Each structure stands twice: as structure tokens, then as C-alpha cells.
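Peer 1: Given next are the chains, with one letter for each unit.
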Amino acid sequence: MLETYPQIIKGREVVADDWSVLRLEEEEAADSVVVAEGRIIVPLAVWLAQRDSLAARADIGVWIGADERPEALQADLEKFAVVAVDFPKFTDGRGYSIAFNLRKRLGYKGELRAIGDVLRDQLFSMHRVGFDAYAPPPERDIHATLKGLTVFTETYQASVDQELPLFRRHARDVRVDSGDIGYGI
Amino acid sequence: MYRYDQYDHLIVRERIAQYRDQVQRRLSDELSEAEFVPLRLQNGLYMQRHAYMLRIAVPYGLLSSSQMRMFAHIARKYDRGYGHFTTRQNIQFNWVELEHTPDILAELATVEMHAIQTSGNCIRNTTSDPFAGVAHDEIIDPRPFCEVLRQWSTFHPEFLALPRKFKVAVNGAEQDRAAIAVHDIGLTVVRNAAGEVGFKFMAGGGMGRTPILGSVIRDFLPWQHLLTYTEAVMRVYNQYGRRDNKYKARIKILLKALGVEEFTRQVEAEWADLKDNAETLTAEEIARVSAYFTAPAYETLPNVDPAAGIEEHKDNKAFANWLRRNIFAHKRPGYAAVVLSLKKTGVPPGDATCAQMDFMADLADRYSFGELRVTHEQNVVLADVPQSRLFALWQEAKAHGLATPNIGLLTDMICCPGGDFCSLANAKSLPIAAAIAERFDNLDFQHDIGDIELNISGCINACGHHHVGSIGVLGVDKDGSEWYQVSIGGAQGNAAAIGKIIGPSFSALQMPEVIDRLLQVYVRERFEDERFVDTAQRLGVAPFKEHVYATPIVANNLVGEDHYA
Numbered sequence: 001m002l003e004t005y006p007q008i009i010k011g012r013e014v015v016a017d018d019w020s021v022l023r024l025e026e027e028e029a030a031d032s033v034v035v036a037e038g039r040i041i042v043p044l045a046v047w048l049a050q051r052d053s054l055a056a057r058a059d060i061g062v063w064i065g066a067d068e069r070p071e072a073l074q075a076d077l078e079k080f081a082v083v084a085v086d087f088p089k090f091t092d093g094r095g096y097s098i099a100f101n102l103r104k105r106l107g108y109k110g111e112l113r114a115i116g117d118v119l120r121d122q123l124f125s126m127h128r129v130g131f132d133a134y135a136p137p138p139e140r141d142i143h144a145t146l147k148g149l150t151v152f153t154e155t156y157q158a159s160v161d162q163e164l165p166l167f168r169r170h171a172r173d174v175r176v177d178s179g180d181i182g183y184g185i
Numbered sequence: 001m002y003r004y005d006q007y008d009h010l011i012v013r014e015r016i017a018q019y020r021d022q023v024q025r026r027l028s029d030e031l032s033e034a035e036f037v038p039l040r041l042q043n044g045l046y047m048q049r050h051a052y053m054l055r056i057a058v059p060y061g062l063l064s065s066s067q068m069r070m071f072a073h074i075a076r077k078y079d080r081g082y083g084h085f086t087t088r089q090n091i092q093f094n095w096v097e098l099e100h101t102p103d104i105l106a107e108l109a110t111v112e113m114h115a116i117q118t119s120g121n122c123i124r125n126t127t128s129d130p131f132a133g134v135a136h137d138e139i140i141d142p143r144p145f146c147e148v149l150r151q152w153s154t155f156h157p158e159f160l161a162l163p164r165k166f167k168v169a170v171n172g173a174e175q176d177r178a179a180i181a182v183h184d185i186g187l188t189v190v191r192n193a194a195g196e197v198g199f200k201f202m203a204g205g206g207m208g209r210t211p212i213l214g215s216v217i218r219d220f221l222p223w224q225h226l227l228t229y230t231e232a233v234m235r236v237y238n239q240y241g242r243r244d245n246k247y248k249a250r251i252k253i254l255l256k257a258l259g260v261e262e263f264t265r266q267v268e269a270e271w272a273d274l275k276d277n278a279e280t281l282t283a284e285e286i287a288r289v290s291a292y293f294t295a296p297a298y299e300t301l302p303n304v305d306p307a308a309g310i311e312e313h314k315d316n317k318a319f320a321n322w323l324r325r326n327i328f329a330h331k332r333p334g335y336a337a338v339v340l341s342l343k344k345t346g347v348p349p350g351d352a353t354c355a356q357m358d359f360m361a362d363l364a365d366r367y368s369f370g371e372l373r374v375t376h377e378q379n380v381v382l383a384d385v386p387q388s389r390l391f392a393l394w395q396e397a398k399a400h401g402l403a404t405p406n407i408g409l410l411t412d413m414i415c416c417p418g419g420d421f422c423s424l425a426n427a428k429s430l431p432i433a434a435a436i437a438e439r440f441d442n443l444d445f446q447h448d449i450g451d452i453e454l455n456i457s458g459c460i461n462a463c464g465h466h467h468v469g470s471i472g473v474l475g476v477d478k479d480g481s482e483w484y485q486v487s488i489g490g491a492q493g494n495a496a497a498i499g500k501i502i503g504p505s506f507s508a509l510q511m512p513e514v515i516d517r518l519l520q521v522y523v524r525e526r527f528e529d530e531r532f533v534d535t536a537q538r539l540g541v542a543p544f545k546e547h548v549y550a551t552p553i554v555a556n557n558l559v560g561e562d563h564y565a
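Residue numbers (the numbering used here), protein chains in the order written: chain A, 1 to 185; chain B, 1 to 565.
Next up, chain B with everything else stripped away, as it sits in the complex (with noise of 0.2 Å):
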């Protein structure tokens, strides 16, 4: 993994500098907390319902075993005990001191890390295929391009107070697993017909109050012209894209304004007076970097039966389940990724414990090189496990609560921290999402319904990615009162689809139901093999709406007399 030289410490060194006398200044009230609002939150520092939040940068998902180690002893020393890591790839800690943040900073420096940008109206961490470099069916690997732009977008003097968030993904494989059509910008490394690299490029794509999905507005870009380029998207964003209306400034809405065509034609002649400039990648950097991108000390193995050779195991049901989900195809033979979930029931989704961090810091040392990988449905991959070695890393994983066979299934949901800690949530999410989990904690119900992404918005920025869930959820206020929203049939990936909204809203205590009716209809009317996206793709809405609305939902503790308000 990339590991950082003088020039990545003396400006993280000198970052921190600056926080902390930023942080100074406002305890002493020389900043005002208007003024101060921008700086931390560009440091990813929030002030949430209880306490500040602090989110830590884990470029483009990827760990080191003594960098997960870090969050473990952060969590111990300055938080609770846990961490939540996030639908960007980051990990975020919940009950930090403002004074205390300074200090934080400085131990995340020792192991190569920072909080930049991690919030604010400014270019995010880059995410990508938390499958980068092992996947069966990746083209190319997109982590050098992802770090060659984490070090363009930090602190580029431009671009720090963009009229909104800016968030780019960068996906290399067939299959894309970076969500790259809901991003602001969305690239997939290609070949073209020559062979040469290069990237498709989208633009305005997003979730939040206003979904769309992104448009191409160039189908090659050769590498070489990758920050030329997107620095001419930014700079047309950056001086037309809307002020006026926090909802209505993002990069989507200029697209959708100007239409695809037009923004492309401004993006093209701001680029004309960039192109070839230095800023122009050359070989020598891509090589430089790629150089930290290279494969592990793999032995050779053959490919096996991971559950052959454990007689006493054969048939050992919960090992054979973890094999159908939890594993991921690696593309060198003998090895698989691992998926280690985060979603076991009566746990909020992505939340790990800082016994958990360590020990996953130890799985990782002792089974895949001493690294680790954050996706953005909040679980955590080991990325190079040999395949005779997995029976035993299921066993120590399933005895610390990281084993549950629930991959892609029903409980492997994406769920934001909601009303319970967000001060910009309108309703609870965890309840809801522990209420569902509950409900159908029965696996062998999860396998038989299979894949199926159940996202859970505690509000409309969208941090549960509902728009693209099978099932999407997104709490709602009215009057008050928490409600919730049901969609179905979004999508994320190459088959990318915004959900449609069901009918009226729900209360907490009916969404267990709901799903389960949805559910109903899935398995009276699915083909065989049809995954529930794809059955509520093809009959829409209408037949899943009469089903759920046809009788009441009765729920112990309505809010309100009517159940359909």
C-alpha cells in the first residue's frame, strides 16, 4: 500500500500545526463558532446530537494491520470503546473531545493517516473497489490513479470551498463495486481499442434529496490528462454550480440545469487551456506510485476445496454458509478475499469494537499480509487469504462475532448512524435496522430470499444510500414524528437504478412487516434464480404496493391513528 515519503509527512505534520491553533484560537473565542464550523469540518470533526464526531480518512479503504491498531487505541483512549466505520470507505468515532482531537491527529500521523477533508465542501475521499488489485475480474488496478488524486485534491487552493461536498470513485474492474454512477464523479479505468489506459469519465451523478445517476461526458480519457481534466470540472463547478440553496449545489444539479451536452462543452474548453499542462501525469509518477501497488509475496498454490480434508466439518452447515457469502473470487489461484461482516444482529451496521479492531489487525497479520480493506457496506475484507486456510480463520473470526454468513443477504444492511447520534437525521435508522434484523435473523430464511441490499437513510443527504438499496428506507419528520419512506427496485453497480417510492410512509414499529410483505411478493412471483431487484425491476411497483397497503399493519405503539398517514 502507498506508504508516505518526507514530502506526505511534512504536510500532515504541518496540517496538524495548523488544527491545533485553529482549535486554540476557538477555545480562547478568537475564532468564532461560524468561523470555526468550515475549518473542523474539513478536519472531519462534526458536532453530532451528543458529542463532536471525528472521521478519520481511510483512503480509498484501505488499512494497515498497525493502522487498524491505531483506531483500536483510539477508541480505547478517547472514545467508548467502538468506532462505526462509513459508506465512504472511512471510519468515524463517535464521543471525542474537541480539545482532545489535536492530539488525535498526531497519533493517527505515526501510523500515515489524517482526517482531511473527510468532511466539508471540498473533494472527499476517493473510494473504490474495496476488491482493488485481488478481483477475479478487475482490468485494472485503480488504486494508483485513487492516490494520484487523494494527493492532487489535498488542500488544492481552489477547491476548498466548493458550493457543496464533492465526492469521487474510481472503479477498475468489470463488475463495478465503487457505486461509481451515484458519485460527482465517477471513473472506470478502461482500455481502449489500442490497448492504452484511460478512463471513462462521468459527471452528476448523486443521492441526497435530488438522485441521478451520472452521465458519461467522456467515454476515454488517456490517464496521462486525469487531474487536467477533473480540474476542469471542478473549476466549472466551482463558479457555476448553485450557492443559493445547499439542496440544490451539487455538481448533479448544475449537470441537469446546463444539460449533459452543455456542461461537456464548458468542461472541454476549460480543458483546452489546461491540457498538457505540468499538472499532466507523467509515467515515471504513475510507476513511482504503482510501485506501492504491487502483489504481495504470494506463494504458488493450487486451487481447493476449503471444506475438503475437515472430515468433522463436512457437513458443517454455518462453515458452508460462510463459504457461499462471505468469500469474494481472488484472481491468483489457492487464494480468496474475505469478507468479514459487521452486521451481526443486535450490532448498528459497521460499528466494530476496539477488541474487534485489534483482532482483525491479528487476523490480518496472520492470514493476508497485514492488511485490510473497509468497504462501503461497512464491512471489512481481508484481501489475500489462502484458500486452505479458511476453515481455520472462520473459526476465530466466528468467535469474535465477525463471521455472521449474511454477505449481500437481507442483514448485511447499509445503514446510517441516524437520529441516534446525527444532528441533520430526521428519524432514527439503527432501531429500524435492529428491529428488521431481528425479524429475519433466521438464515436460512436470508439464504433462501439471497441477494438483496436493504440501504436505511435516517434523513434525505442519503448517508444509507437508499436510493440504490432493493429496498431503500429513508426516515422522514412530519408533524413531529418519525415516519419512513419504502422504495424498491434501486440498484447500485453496473446495472445502477434509482428505487421508487412504494406509497405513504410508515411508523417504526410497522417496518418490519412492511418488509416482510415485500418479501412475499418477491417469493410468490421470482423466476428461478431472479434476485429480488430484479423482480421488482420487472413488475414495478404496483403488485408490491397492493400487497403491503392491502390490510392493515398493526403495530403495537402507532404514532398517530392512521397506519398509512
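Just chain A, with the same shape it has in the complex (with noise of 0.2 Å):
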């Protein structure tokens, strides 16, 4: 099955967008399954089944599920226009190590795509672990959901999106007087 996205969020933008999705139906095989001409996101397992002949074309993706290691891909991504990284469940957030493993382990550079289950909520969070594409399910307000990415202006953490965390950014005042709530405790 193909799935399609008129459009898409490219970093802080909605685009129109001509990549497909394929997803395996029930009786499909990652071994034999026809991946079509044209811009097509494969999973996992049919580019490493398939991969002599994908290899050869340039109008091809790759999909991670929540389940697989990004590091099977490690030694293709270089090839990759995209890649992209499957929420089967907005709750399920092993989405988030896997973009952080191929951006800071990997050194992924590429487009970085969430695919699935992409909600205006989760958004900020995908951003910050290294998304700068996402795909919200088509029936969705995209431009709704694009507010997701401006909720905070600052963070604590360092991740792939800051490099280094509040203390390490701002010189951070210990200002305690004796005016203050709890003071010297």
C-alpha cells in the first residue's frame, strides 16, 4: 500500500510533498514485494531485501519502524534523500532514540522524516531530537498542527537540535536575598 502526502511540514514550513509511503499489506514479502517507480519511502526490511536493485535509484527512502535499529542502515545513509522514522502509536516514543541514534551516533545529515501516527503535540519534541520533516496523518489540519514546533522559546537539556544545556549557555544568578520565599534553607 502506498501512502501519499499532499503535504507535509519541511522545517518550519508546509509544503507540497511527492513522496510515497510504502507500507507491507498482510501477504506482502520484503523480498518481492514491486516497489514502484517514483519517490518511494521503503521499509526497512524491503530496502535490506531489495537493496542491489534499490541501490541503482535515486528517488528512494527508507523507513525505520519503532521496533528496528537504525544502525542497519549505517552503512547507507549516505544515499538516502530522506529517511524517515515510524510512530505506530503517538504514546510510543522509541521514535525519538532512533532519530537521536542517527543524527548524533550516525551522523545522519539527510531530510529526517516522522511518519505515522505525527501529532501537533509530539511535535516540539521531534523537532528537538533531530526531525525537520513531518508528516501528519492527511486528514489532519496540517496548519494546525504546525504550531506544535513554537511552544517553548528555551529548554534545560541538550539534544541534536542544542548542543549544549541551559547551564552551559546562560551564566545562571544565584540570586537569593532575604526578601525571598524559603530564604537560606
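To be clear, the hints were calculated from the coordinates, so they are not data collected in a lab.
As the structure is a prediction and not an experimental result, all values here were calculated from the model.
The beta-carbon is built from N, C-alpha and C at its ideal position, and this holds for glycine as well.
A portion of the hints provided could be inaccurate.
[Claimed, not checked] Dumping the calculated PhoX-like pairs for lysine-lysine here, alpha-carbon to alpha-carbon at most 25 Å:
no., chain 1, residue 1, chain 2, residue 2
1, A, K79, A, K147
2, B, K165, B, K77
3, A, K89, B, K165
4, B, K248, A, K89
5, B, K545, B, K500
6, B, K256, B, K200
7, B, K246, B, K500
8, A, K10, A, K104
9, B, K275, A, K104
10, B, K246, B, K256
11, B, K398, A, K89
12, A, K109, B, K275
13, B, K398, B, K317
14, A, K89, A, K10
15, A, K79, A, K89
[As the list claims (entries may be wrong)] Quick look at which bits of chain A chain B covers, simulated, 3 or more residues with Cβ under 8 Å:
no., segment
16, 1-14
17, 86-92
[Unchecked claim] Using C-beta positions, here's what the derived DEER-type ranges look like:
no., chain 1, residue 1, chain 2, residue 2, range
18, A, K109, B, E99, 27 to 35 Å
19, A, R51, B, D29, 42 to 50 Å
20, A, A144, B, A193, 57 to 65 Å
Assemble the dimeric complex from its two separately framed chains, guided by the hints.
Peer 2: What follows is the structure, encoded as C-alpha cells:
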């Protein structure tokens, strides 16, 4: 089955998109499914099974499932115009660690797209761990979803978007005076 | 105590705006309830049996008097005039309206408080020793590290959708008063042979359906690496913790499945990538945070006998009992830490009225440098009281029902809100606590029984810590009626242990008699000065079981025919 997204969020903008996401039907197998022409994001298993024929195509992306390891792509990462990570449910947070590892450990620099159950209230965290493209379900108002990227202007900890934690970025004064609540405690 | 700077204020302010918008979208149906649930939970908002409950974070249990007054204000304005202090040193309000919750958060922000991550599958409020900074047996004050962890874990982008909730506790004293062995991560601040500060790092402890004590995965982690090592643990858990069954989703199950050795190997491999990165703590940062936790302006005072010189009260037994039970030794001469009991018979354990909250805030201002602590046993501590003023404090506290001399005794129970409030509960817990408190109200008897921890949970989630009670009571559902399973020999602290079940469960009305029979065996078998838990662990379940089940326990209103079904 090919999923298409007329629009996605890229960076901080809504843009038209012509990539399709291939998801295997139950009766389909990774090594025999026919990958159509055009810009297709294939499951990791399909890439691994059909690497020889797919590697020649410039219009292939790959997506990683929540229970899969990005390390399996290590040797090939340079080849892809887009790598996607699937969120089967928005409450399944494995994709955040997959993204972090893709960026930090494997040094992936290309487009990293969140697919699946990608909702407004998770977008900010997704951005922080290295996603730069988001494909929310097409039936959602994508302009409303976009607002999820601008929730916080400051964060405590380091992640992919911000190499330094707050305490290394700002001089944080101790401002204790005798008029304070809990003074001297 | 820690004070917000502009960045803390900014983050909390933006959080309130985010949450207010989420509530708005829920009310307009833009967000479905299924989508809203994890969002509101991460803000401590539960749907209970009758109403919404809002849980407010009290970082490591430390409160200023103005924060306590804010709780009183919230209780009055948005709730029904009371609040409930929890076993995670937080406070919850049981009767709030969804529409009001953003305003409650805005009011909390004015006293530097919030409800962030007090629930949900994320890193929860870090808990610690309620006597941190004043305990006579403290090695290192754990609070600066708790605060550093609070900031690091707040909205950590990678760890907001974990397989399950995640709880961290930090202890810095010889005696563990933070129950670290039953936490997902339990830290002990220690010094190595060279005198350097670091952590003994435990992981994989927990209660719930599968109680397991944590395993030490590193004997000494230098303090600089606290955040990167914790991050490594979290990343292993986030990727490999089970997500197919919520009862098997805690880190303890992963650690058990992999084995300590393999789990540790994975953590160390993860850490190898992170070690010495920018998240490594600096001496400047620890110094900055530690500066908020310096000693108050103590006077130089001699140690005194608080009862001396108060001739007319020399034989005042109630005061003597209170001194025996509700005072904790302070590291500073002339001072004492005082436990205000929220376990008066007839009051649900941990509950306080708005008047009591205001009053406790006043006591803090007048006796203890304006500061209070919530204990995980659901009491409140005034940590810095001059010994010479204990009698005056006792008189005032007593007049407000806060001086029951029962700390560590039978009626100082830990008890979850249970089936009266909580929609997860299988059985009520508060009426059991009330019936037991009433039966054993006699303080002489309680003092004779001595140290004992009676912990009651209304369901397997174990919010009442029943697994680590000297006596643990667990509410269970059998064919639609409420029954209670009893275990003995559990303990928290340095000798943490999981209690053992004595046998078939009991009806609610049998419970006081069950407790009585357990105590009869203890009184019969104890050595001099032996605590209940020691007797129970020495003898095992057998003699207790034999006596408890020897004859039928008649209770007026039994559910079902078989007493021991």
C-alpha cells in the first residue's frame, strides 16, 4: 500500500510533497514486493532485501519501524534523500531515540521525517531529537499541527537541536536575598 | 531552597500557555479524549471516580511557607477545602474542574510551582530524604543533585513517551529514608576512598504487580556523569522496555529479562557515546545549585532537654510521647526536626485541610525558617526547630490536630486514596485504615508495639507501598467484591525487603482482627526491643499464619459465606 501526503511540514513550513510511503500488506513480503516507480520511502526490511536493485535508484527513501534499529542502515545512510521514522502510536516514544541515534551516533545529515501517528503536541519534541520533516495524517489540519513547533523558546537539556544544556549556554545567577521565600534554606 | 531564575519562569510560563491551549482544544473537541489523556496526565491531571484530580509537584518534598499557603488557597478556591499529601512527596487535589486547571497552574507559577510530569509515562518528581540537609547521619546533601535531575528531566524530548512511568529517588545519608531500592533508579550519594563525591547507582527496583528490589549497576559514578549516565539508562529503557503489556513495561522487567550483567553492558555501551559530552556536570553548575541549599541562619545553641524547666508539664505524658516519636535528631546542636502527623485517627492518612495548611505555613515561619518538607510517609516536617521551643510548638500543633504522637507507629499508616476516589482501585483502602486506626487508637498500646509500618494499597499498582510494609495490605477484587491480602516482613530503607503473603485474603470487616492477631504473635514471640519486622523476618510467615487462621474471624457484615475464601 502506498501512502501519499499532499502536504508535509518541512523545517517550519507547510510544503507540497511527492514522496509516497510503502507499507507492506499482510500478504506481501519484503523480498518480493514490487517497488513502484517514483519517489518511494520503503520499509527498512524492503531496503535490506532488495538493496541490490534499489541502490541504483536515486528516488528511494527508507523508513525505520519503532522496533527496528537505525544501525542496520549505517553503511547506506549517505545514499538516501530522506529517512523516515514511523510512530505506530503517538504514545510510542521509541522513534525519539531512533532519531537521536541517527543524528548523533550515525551522523545522518539528510532529511529526517516523522511518519505515522504524528500529532501537533509531539512535534516540538520530535524537532528537538533531530526531525526536520513531519508528515501528519492527511486528514489533520496541517497548519494547526505546525503550531506544535513553537511551544517553548527555552529548554533545559541538550539534544540534537541544541548541543549545549541551559547551564552551559547562560550564566544563571544565584539570586537569593533575605526577602525571598525560603530564604537561607 | 531552589529559586526560579528567568529561565525556569519562562519554561513554566510557556508550559501553562501550552496546557491552556490543550484544554481549550479538548473542550472544543479538536483533541479527542484519547489524544488528550497522555497530555493531561503529563500535567498531573487524572480522571478519578467522581472528578478530576490534580497532582502538583513538590520537588523532593521541599516547600516554602508561601507555597504551602498557595495549597491552602487552591484547596479553598478550586477544591473542597482540603488536599492529600502523597507518597511521592507531592500534593493532590481531588475535586478540581478541568476548566479551572490552567488557572490553578498560573496561580502555582506565582510561587514557583507546577504540575509537570507528576503523572504519565515519563520521568516523575524525584524524591529524597525529608531530612535532607539536617539529618544527623547525612553524608552529602542530595538536594542539589535532585534539582539538577529535575531540570534535566523536565520536558526531556526523548523521554516523554516511555513504556511506563519512571521514578527516581536520591538518598545522601547512612540510613536510606527515600526507599531507593523500590525505585526505577535509586541513587545514594557517597564518597569514594579518595573522598570524591559520586553515586551508587541502582536500577530496576519497583513495586506494583511484580515487586523487585533494585540492582546496583555501578558502585561509584563520579557526580559529573550523573546526567549522561542516567540518559544512557533511559535510552536503553526507552528502546527496549516492553510496550505490549503495561504490567510488564517498567524497567525492572527489562532488567530482569536481560539480567543485571547484560543490562549494565548495554548501559555502559550507550554511555560510552555520551561520556564527557556537554551534559557532563560542571563544578560551577553544582556550586550554583548548591548555593540554594545552604544552611539557614542558625543560632549557636546548646543541646537542651526540651522537657526541662517546664515544671508543670514534667510528667506530661502526651508531650513525652510526642518527643519520643515525632522528633528527629538534627545535625546542628540545639535544633531538632519535627514531624507533624497527618495521621490523626478519623482523618484519611495524608489529608490536610486548608486551615491546617495555613497553620503549618505559620508554624514554619515562626519556628523553622519558613520551610517545610513532605515525607513519603505522608506527613509534614519542620526541619529546623530550636529544641528550647519544642514545647510551645507542640502545644500549638496539638490544638490543630497535628501532634498525634504516632510517627513510625501502627497508626502512622501509608495509605493510597483507594476505591473511594481512584478509578484504578480494586478495593477501598481508607475505610480499612480508619477501622484499624480506631481499633488501635490506644497510644500506650501503640507505643508498646513500637516501630511498625502498616501500608495499605487499594490495588496492585501499590501506591500505598504495601510490599515494603512490616504489614502490607492489598485490596483485591474477587468476583466483584472487595478482599484484602495481607503480607508481613516487608521493609524500606537499608534492609529493604518485599513482604510475604500470609495466606487467603480477608473481608474488610475482618481486617482489624487480622492485624490484632498478627500483633498477638509478635508480642508473644518478640525478643526485647525487637521490632515487628525483625520478628516477622526471623520467624517467617508460619507462626503468624497459624495464629491468624486458627479460628474463624467473625465480623458483622461478611461478604460471602467462607471467611477465608
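Peer 1: Evaluate each hint against the coordinates.
Peer 2: Status of the hints after comparison with the structure:
1. A:K79 with A:K147: Judged against 25 Å, a Cα distance of about 32 Å means the pair is violated.
2. B:K165 with B:K77: violated, 30 Å
3. A:K89 with B:K165: Distance of about 17 Å is within 25 Å: holds.
4. B:K248 with A:K89: holds, 19 Å
5. B:K545 with B:K500: The given pair, whose Cα atoms are some 11 Å apart, holds under the 25 Å limit.
6. B:K256 with B:K200: holds, 19 Å
7. B:K246 with B:K500: Roughly 24 Å between the alpha carbons, so the hint for B:K246 and B:K500 holds.
8. A:K10 with A:K104: At roughly 20 Å apart (the allowed maximum being 25 Å), A:K104 and A:K10 satisfy the hint.
9. B:K275 with A:K104: holds, 13 Å
10. B:K246 with B:K256: The given pair, whose Cα atoms are some 16 Å apart, holds under the 25 Å limit.
11. B:K398 with A:K89: violated, 53 Å
12. A:K109 with B:K275: Distance of about 22 Å is within 25 Å: holds.
13. B:K398 with B:K317: holds, 13 Å
14. A:K89 with A:K10: Satisfied, since the Cα-Cα distance of roughly 21 Å is no more than 25 Å.
15. A:K79 with A:K89: violated, 28 Å
16. 1-14: That given contact is violated, which follows from only 0 residues of the segment 1-14 of chain A lying within Cβ reach (below 8 Å) of chain B.
17. 86-92: Coverage by chain B holds here, the residue count being 3 at a Cβ distance below 8 Å.
18. A:K109 with B:E99: 27 to 35 Å: Violated, since A:K109 and B:E99 (Cβ atoms, about 46 Å apart) do not stay within the stated range.
19. A:R51 with B:D29: 42 to 50 Å: holds, 46 Å
20. A:A144 with B:A193: 57 to 65 Å: For B:A193 against A:A144, whose Cβ atoms are near 59 Å apart, the range 57 to 65 Å holds.
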